[in-house]
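K.L.:
Sequence:
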Amino acid sequence: MSLYRHVRRIAFAVLLAVLATTPAAAIDTEAALKERAIGDPAAPVTVIEYASLTCSHCASFHNDTYKTFKKRYIDTGKVRLIYRDFPLDGVALRAGMMARCTINQRYFGLLQVLYKSQNNWARAKNPVAELAKIGRLAGIDQATFDACMTSEELINGIIGIRQKAATAGVHSTPAFVIGGKVYLGGRSIDDFAKIIDPLLKQK
Numbered sequence: 004m005s006l007y008r009h010v011r012r013i014a015f016a017v018l019l020a021v022l023a024t025t026p027a028a029a030i031d032t033e034a035a036l037k038e039r040a041i042g043d044p045a046a047p048v049t050v051i052e053y054a055s056l057t058c059s060h061c062a063s064f065h066n067d068t069y070k071t072f073k074k075r076y077i078d079t080g081k082v083r084l085i086y087r088d089f090p091l092d093g094v095a096l097r098a099g100m101m102a103r104c105t106i107n108q109r110y111f112g113l114l115q116v117l118y119k120s121q122n123n124w125a126r127a128k129n130p131v132a133e134l135a136k137i138g139r140l141a142g143i144d145q146a147t148f149d150a151c152m153t154s155e156e157l158i159n160g161i162i163g164i165r166q167k168a169a170t171a172g173v174h175s176t177p178a179f180v181i182g183g184k185v186y187l188g189g190r191s192i193d194d195f196a197k198i199i200d201p202l203l204k205q206k
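The sequence shown begins at 4 in the numbering used here and counts up one residue at a time.
What the hints contain is simulated information worked out from the structure, not anything from laboratory work.
Don't take every hint at face value.
[As the list claims (entries may be wrong)] Distance condition first, Cα-Cα at most 30 angstroms in a straight line; then the derived DSSO-like pairs of lysine-lysine: (1) K119 x K73; (2) K184 x K197; (3) K37 x K81; (4) K70 x K167; (5) K206 x K74; (6) K74 x K119; (7) K167 x K37.
Whenever a hint applies, use it, and build me the whole structure from the sequences.
P.N.:
Now the structure itself:
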């Protein structure tokens, strides 16, 4: 069984379990699935990050490198960072769904919280319940969270993002697309500098 089918099977198993105990509700799926980006839209370089919220190497980037990366490249208007979900398992899919149910202004802050506390919620006996607690801190009430978790459209949307990335050469996380090239695996700030700085000089 392919990883895509495995993630999808787990996702729908969880969906059916939640539907059995949760009243019908709705979310703005179109808004939830909008591109999530931080930085100046007119920045000369765009970096696309594909990540799974249960991936330890993705957590390492966000916990150890992202702050410096943001200060050096995003806050200075040199780079626009686009974050795209590439869930490796059903728990990562659920976390990605929850994050997308917050408002855009809180999205990247919520990602940082999720990566910082990854060892706690991802390994919990009930990861979904732990995600609900984190979501409340980001302004996601229980009704919104339940609606988010039961949205088949949102599941399909995120899995679609992952599937499209796979056809473009992304098969592990983290992966970064910079200047049209795919770079697989974690990167230090110096590694990013070697890739991004030459591109900035060309602009």
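K.L.:
Each hint: holds or not?
P.N.:
To see whether the hints hold, each was checked on the structure:
| no. | hint | verdict |
| --- | --- | --- |
| 1 | K119 x K73 | holds, 16 angstroms |
| 2 | K184 x K197 | holds, 14 angstroms |
| 3 | K37 x K81 | holds, 22 angstroms |
| 4 | K70 x K167 | holds, 28 angstroms |
| 5 | K206 x K74 | holds, 20 angstroms |
| 6 | K74 x K119 | holds, 18 angstroms |
| 7 | K167 x K37 | holds, 15 angstroms |
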